[in-house]
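Protein chains: 2
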Amino acid sequence: MDGFAATSLSPGVLPDDEAGEPRSFLDRLFDGGLLIRTGVDGLYGRSGAFESVVEAVDRLATGLGAEDGAEALRFPPAMARTAFERSGYLKGFPNLAGTVHCFCGNEADHANLLACLEAGDDWTGKQAASEVVLTPAACYPLYPVAAARGRLPADGLLFDLQSYCFRHEPSLEPTRMQLFRMREYVRMGSPEQVLAFREMWLERGTAMMAGLGLPLAVDPANDPFFGRAGRMLANNQRNQGLKFELNVPVNSVEKPTACLSFNYHQDHFGLTWGLEQADGSVAHTACVGFGLERITLALLRHHGLDLAKWPAAVREKLWG
Amino acid sequence: MDGFAATSLSPGVLPDDEAGEPRSFLDRLFDGGLLIRTGVDGLYGRSGAFESVVEAVDRLATGLGAEDGAEALRFPPAMARTAFERSGYLKGFPNLAGTVHCFCGNEADHANLLACLEAGDDWTGKQAASEVVLTPAACYPLYPVAAARGRLPADGLLFDLQSYCFRHEPSLEPTRMQLFRMREYVRMGSPEQVLAFREMWLERGTAMMAGLGLPLAVDPANDPFFGRAGRMLANNQRNQGLKFELNVPVNSVEKPTACLSFNYHQDHFGLTWGLEQADGSVAHTACVGFGLERITLALLRHHGLDLAKWPAAVREKLWG
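Going down the list, the sequences are from chains Y and E.
1 is the number of the first residue of the first sequence in my numbering; add one for each residue after it.
1 is the number of the first residue of the second sequence in my numbering; add one for each residue after it.
Incorrect hints may appear among the rest.
Computed far set for chain E versus chain Y, every beta-carbon distance over 12 angstroms [said to hold, decoys possible]:
(1) 41
(2) 64
(3) 120
(4) 198
(5) 236
(6) 282
Label-pair ranges, simulated between beta-carbon atoms [stated by the list, open to error]:
(7) E:106 / Y:149: 52 to 60 angstroms
(8) E:192 / Y:304: 38 to 46 angstroms
(9) E:255 / Y:304: 51 to 59 angstroms
(10) E:55 / Y:13: 39 to 47 angstroms
(11) Y:203 / E:255: 49 to 57 angstroms
(12) Y:191 / E:106: 45 to 53 angstroms
(13) E:172 / Y:122: 28 to 36 angstroms
(14) E:24 / Y:149: 19 to 27 angstroms
(15) Y:304 / E:55: 45 to 53 angstroms
(16) Y:203 / E:220: 45 to 53 angstroms
(17) Y:203 / E:309: 37 to 45 angstroms
Here are the simulated EDC-like cross-link-like pairs (lysine to aspartate or glutamate), alpha carbons at most 20 angstroms apart as the crow flies [what the hints assert, rightly or not]:
(18) E:91 / Y:109
(19) E:91 / Y:122
(20) Y:126 / E:223
In short, the hints are calculated from the structure, not lab data.
The C-beta atom is built at its ideal place from N, Cα and C for all residues, glycine as well.
The shape of chain Y in the complex, shown without the other chains (with noise of 0.2 angstroms):
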């Protein structure tokens, strides 16, 4: 996948490393109003000027899969427990999840709570499960409502998604919110069709990254499986190059930054929804992610945090 890496990784150092500067990243979009502190670590608001680079972001991956035909749909920042109970992510991911609960008690009940608010105990106890869970990706509540339909037809179907997704992991690094955007889009359908799909998408995510001034790098990935037996699942899924990720120096040269991500799930949808090809063959999916925030970070890191300044190239394909 090397032919991927378009540009060089590694500008060696940071824009604003290079001019000495003291704060951290986040501290600078933090006095910048760029980001708006709430006390919580990866919750955070945005300035309208973030807001207009991610919408000018959103529009790009639309522009970039407009001749496709994807069906668009947009779910809600939350799913239906039962369909998240069936999607198998609490056996990779317990620790990221957020379920919704809620209090379904009396007035009795709702003075003992307003007691315990009052007297700095705990209240949140007796909250029960709700019907809902956020949603850790943008696809998640799409395949059962896929399923719901019936045998794809022969060409595949092919989906536009975009919602916030919520993963439990507080972080000082500013592309680690506990709530985020994703933009996706999701293939289903053989192994040839998704296959190909996932080649396109890697060809066009870094064309477009490129494109926007940002120095990259593609290189196998695997998601972050919980405890010991999640770290076969992890080896697995990088040695049988199932996931890609499209890397940018955002916090630090060393470490740089999944802005996209590029998976072939197998049949792994398929057998756990019942996703059935034209044939009655067990169906693949696989989907490309655009991390909204991620790529909006990437770009105030690189062209910096007044937007007015950036290359005219960059803002021309932004806002045209």
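Chain E: place on chain Y using the hints.
Relative to chain Y, chain E alone:
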């Protein structure tokens, strides 16, 4: 406030009821592919067509406020739990809140969780409350941010917000979703400043909705405070004229749907958050909220499920 009822609320009968349509509005939205079932009442996917209306209504709201110089901020769909606890929301609406809970265990706990799941037992009991809570209204994350900036300038402040919001009220009325988007303008300042703001938006919002060909009425309203004590709060709110809603018949003529709301909080949030006017006195606040899904559903109910067949004047307003 009767002056704001620019057109008659009651069309007598809704267009498709008149046509003898036997299916519920929700079923027709599913059948037409505009909303997508998830198995949970009030939690739906949206089609590309549905989203195109949401986005157009959002742009209309942007256009109406464009000259006012509001500061745009966008928060993710959850907020800090400490801020949520301090906000007072749990006093009024404990039953609507959604707390986010996470797994904090080790590998043995994970094995137990998966065994519970496999056996069909409840695996959620050991999830622990995280530091975030789903956002109940777009302006809730704003107040602590504004208060942290210090005293308001003499002209006060004006913010432009939009966010997915969560309310735990499963329902078969498509207008009562558990996750929906709220666009808001929020004004902070003196009582005169914030009341003038609310008056201006009562006029703008009414003109916008009448211009979209929707029958409407503006009525005094109250929030759905919990329990018996809540009834007194609701009566006070209504008697003091603190809340008005712009209602459109969507599910039925008898029970019209609040599509916009116009709220004067008096000094509630000012006192809660220590928000001060330029002279050090407590700040008053007001907001106008646009229920983006509700307005979209009102348009679909009155103009039909085929956007291409909507009246030319309505299409012109939405898509130029």
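Hint by hint, here is what the structure shows:
Remark: the non-interface label on residue 41 of chain E conflicts with the geometry, its nearest Cβ contact in chain Y lying 9 angstroms away (cut-off 12 angstroms). Interface exclusion of residue 64 of chain E from chain Y stands, the closest Cβ pair being 17 angstroms apart, more than 12 angstroms. Residue placement check: residue 120 of chain E does not keep its beta carbon more than 12 angstroms from all beta carbons of chain Y (closest about 10 angstroms). With 12 angstroms as the threshold on Cβ separation, the claim that residue 198 of chain E sits away from chain Y holds: the shortest Cβ distance comes to roughly 23 angstroms.
Interface exclusion of residue 236 of chain E from chain Y stands, the closest Cβ pair being 19 angstroms apart, more than 12 angstroms. Once the 12 angstroms rule is applied to beta carbons, residue 282 of chain E is consistent with being away from chain Y; the minimum gap is 22 angstroms. Range check, residue 106 of chain E to residue 149 of chain Y: Cβ separation about 40 angstroms, and the 52 to 60 angstroms hint is violated. Between residue 192 of chain E and residue 304 of chain Y the beta carbon distance is about 42 angstroms. The supplied range of 38 to 46 angstroms therefore holds.
Remark: the range hint 51 to 59 angstroms for residue 255 of chain E to residue 304 of chain Y is upheld by a beta-carbon distance near 53 angstroms. In this structure the hint that residue 55 of chain E and residue 13 of chain Y lie 39 to 47 angstroms apart at CB holds, the actual value being about 41 angstroms. Between residue 203 of chain Y and residue 255 of chain E, the C-beta spacing of about 54 angstroms keeps the proposed range 49 to 57 angstroms intact. In this structure the hint that residue 191 of chain Y and residue 106 of chain E lie 45 to 53 angstroms apart at CB is violated, the actual value being about 37 angstroms.
Between residue 172 of chain E and residue 122 of chain Y the CB atoms are about 35 angstroms apart, so this pair conforms to the stated range of 28 to 36 angstroms. Evaluation of the 19 to 27 angstroms hint for residue 24 of chain E and residue 149 of chain Y yields a pass: the beta carbon distance comes to about 22 angstroms. A hinted range of 45 to 53 angstroms is violated for the C-beta pair residue 304 of chain Y and residue 55 of chain E, which are about 30 angstroms apart. Range check, residue 203 of chain Y to residue 220 of chain E: Cβ separation about 59 angstroms, and the 45 to 53 angstroms hint is violated.
In this structure the supplied range 37 to 45 angstroms holds for residue 203 of chain Y paired with residue 309 of chain E, their Cβ-Cβ distance being about 40 angstroms. At roughly 12 angstroms between alpha-carbon atoms, residue 91 of chain E and residue 109 of chain Y fall within 20 angstroms of each other, so this suggested pair holds. Proximity of residue 91 of chain E to residue 122 of chain Y is assessed by CA-CA distance (about 16 angstroms); at most 20 angstroms being required, the pair is judged to hold. A hinted pair counts as satisfied when its Cα atoms are at most 20 angstroms apart, and residue 126 of chain Y with residue 223 of chain E does not qualify at roughly 25 angstroms.
When each numbered hint is compared with the structure, violations occur for hints 1, 3, 7, 12, 15, 16 and 20.
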